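K.L.:
The lines below spell out each chain.
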Amino acid sequence: MLLCRANSCAACYEVAVPESPVRSTQTNSESAHALNARQWYARGLFAGVTSVQGLVLFASYIGFGGLCAGIGFPLGAAVFSSFLVLALPSQLLLVGGYVAGNGALVIALAVLLSAARLLPTVVTLLPYLRGRGRLSVQLFAAHFVAISIWVESRRHLPPLAPDARLPFYFGLVTVFNLGCVAATLIGYLLAGRLPHALAVGLTFLTPISFLLALTRNSRDLVDYFSLAFGLALAPVFAAYGGQLDLLWTGLAGGTAAWLIHRLRKKARAA
Amino acid sequence: MNALVESGLWPYLLVIAAGFLPTEVWRWLAVIFARRLDEDSEWMILVRAVATALVAGVIMRLVLIPTGDLVAVPLAIRIGAVAGGFLVYFLARRSMLIGVLAGEAIMVAGAYFTAG
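Sequence order for the protein chains is H and X.
The working numbering applies: residue 1 is where the first sequence begins, and numbers increase by one.
The working numbering applies: residue 271 is where the second sequence begins, and numbers increase by one.
Rather than coming from a laboratory, the hints here were simulated on the basis of the structure.
If you're wondering where the values come from, they're calculated on a predicted model, not measured in any experiment.
It is possible that part of the hints are untrue.
Quick list of in silico lysine to any residue cross-link-like pairs, SDA-like style, CA-CA up to 25 Å [as the list claims (entries may be wrong)]:
| # | chain 1 | residue 1 | chain 2 | residue 2 |
| --- | --- | --- | --- | --- |
| 1 | H | K265 | H | A228 |
| 2 | H | K266 | X | S311 |
| 3 | H | K265 | X | L316 |
Kindly produce the complete structure, drawing on both the sequences and the hints.
P.N.:
Here it is in structure tokens:
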């Protein structure tokens, strides 16, 4: 909106269109002619800076930074993981496994199992990120997909003209990626300067908010069961599961929840 | 190998090998196999269930077997903060913000009054 006022011209009204998803595609293709890729990139940056979803995400990453400081994961590696991994559950498993003293292979397997749910999010977003069809560009675009980006992209991208989507998307992910890196740094540094009780609170922010987010995101009984089994089995496997306790928790808890879901489905069908 | 594990470089290598690669591979697979996938298939439900149980497990582990800052907080308070957050979340008609604030309040107050 600010950009519009700065260069007040007839096309500006069209430029404002991507903010409201309900406008016709025709208006959008006109605005695509008025803007080049760099301007669409700037639009994406602006959408990222003003995104509420982004603010929530950055708050989570401040918590992640605090968690890393609280459990003794090095600052540089914490920031590096926010820059490169871009998926908070993966990062949580990474630092959780690190402090539990798990080996790289065990952590990698846990992360691999948990990150599988990124697959459908990337698949549903891809139609908007094809660009000119170059595989390298698609792989690069897919690198930034995480839940928050998925939510914002599903809102912003569909109404845009095909040529505008990719630059807009890259603007959005630039803000989200750098914002997460900065938030991790801030959370980490903050934790060292806070009084003990508040530092404890910051360390606890990621676990408690993830737990409630998992509860909120549960749609079906299978989600609630896997959540409950994961919570209940964690101490059991931590005591008796040896090095692979986290993997056993995920595999046993998740599979048990899924089997119950299958049995119920069969019982209903019968 | 041991020298590597003890060096300062180890956490960075871990981020790449155990964080980045196992996450990124799904994004690549999605690009390559995009058209042959059904979001609501039974396999995807299993994938979601295992992922949920894993993340729930790592949260429980961080709370029950803490390291660093949380060690100083007694177990009863750590469990109380999780249970309290949960309870208030449901009492407040599933408000995440209020649930998180309640859990945090218990944890911070507990840490404040128990720490020497």
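K.L.:
Output the numbers, in ascending order, of every earlier hint that fails for this structure.
P.N.:
none
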